[in-house]
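Here's the letter readout for the chains.
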Amino acid sequence: MKKIFFLLIIIFMSTKLFANEDVNNKILKNLRCLVCQGQTISESNSDFAQIIREVVNDKIQEGLTEKEIYKFLSEKYGDWILFNPPFKKNNYLLWLLPYLLFIFGGIIIYLMIKKGLIGKK
Amino acid sequence: MKKPYLIIIYFFLIFIFTTFYFSLDNKKIYDTESIIGKKINEVELTLFNNDKFNINKISNYKYTLINFWASWCAPCRKEHKNLVRLSKIQNLKIVGVNFKDSQIKAKEFLEKMGNPFFILTKDPEGKKSIDFGVYGIPETILVNQDLIILKKYIGPLDLKDVNEIKKIINK
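As you go down the protein sequences, you meet chains U and D in turn. The numbering of the first sequence is this note's numbering, which starts it at 1 and goes up by one. The numbering of the second sequence is this note's numbering, which starts it at 1 and goes up by one.
To give an idea of the interface, some chain U residues facing chain D are shown, with a C-beta separation under 7 Å as derived from the structure:
hint: 1; residue: Leu-34
hint: 2; residue: Phe-48
hint: 3; residue: Ile-51
hint: 4; residue: Val-55
hint: 5; residue: Lys-76
hint: 6; residue: Tyr-77
hint: 7; residue: Gly-78
It is worth saying that the hints were derived from the structure and are not from the lab. Ideal Cβ placement from N, Cα and C applies to all residues, glycine included.
Use the sequences and the hints to build the structure in full.
As structure tokens, then:
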């Protein structure tokens, strides 16, 4: 009985540990290394990336959520540090353009089919 | 007959032109704009004698420069004489944050080059500097009594920066 109990504790602890590691990796892959060329914090070996990795780990241990960590870092370094910037009025075009292109393209295709320019042999 | 094709071509030409127009103007480097005007967070730093120093205490001074430096950093050596110049200005105190450095070497550096720091703290792991948005050294932050960041300098302070700081303080 004791063995099963300890086994359950170990399983519980390890799932918690792996969950933290997943969050950690996810965050590090979404952070830009400011001193490197197009590398994430996860990939870079720069001094800056190493410190950020340690800080992110500390923040996770302190119980901060993924969003709170992004908020903390973007307050210090701006949204430029995030590979996935939040929706803001100065980047709305970046977010909406693919959808607009999709709708616009759909309309054009629809009109072309309607006028018989495509779809008929 | 040709109208839909023309619309597509025109649309893509406008799209390419707009993309280039905006992206060529877009600076792909980190700048300090995001932190200017923001209040610095409450951060507890460690003094050289291992006592704690809460950064909020700088609200006792009219203006404070927080300088991040190290004895191993060549540009820090270059800017040091300018920090010594600035340390003689009334209403301005300089807080030094010794970044990832050996305390002995830092002390030797200051003995040799002069000590412009009113308060000298250390950040051996470099983690505290992240709270100030530092990503390399030397970096310097000018803060007012309300702990609002007025200016941030990336790289060594030159004479132009010294004059600018003087101008801000004498306003």
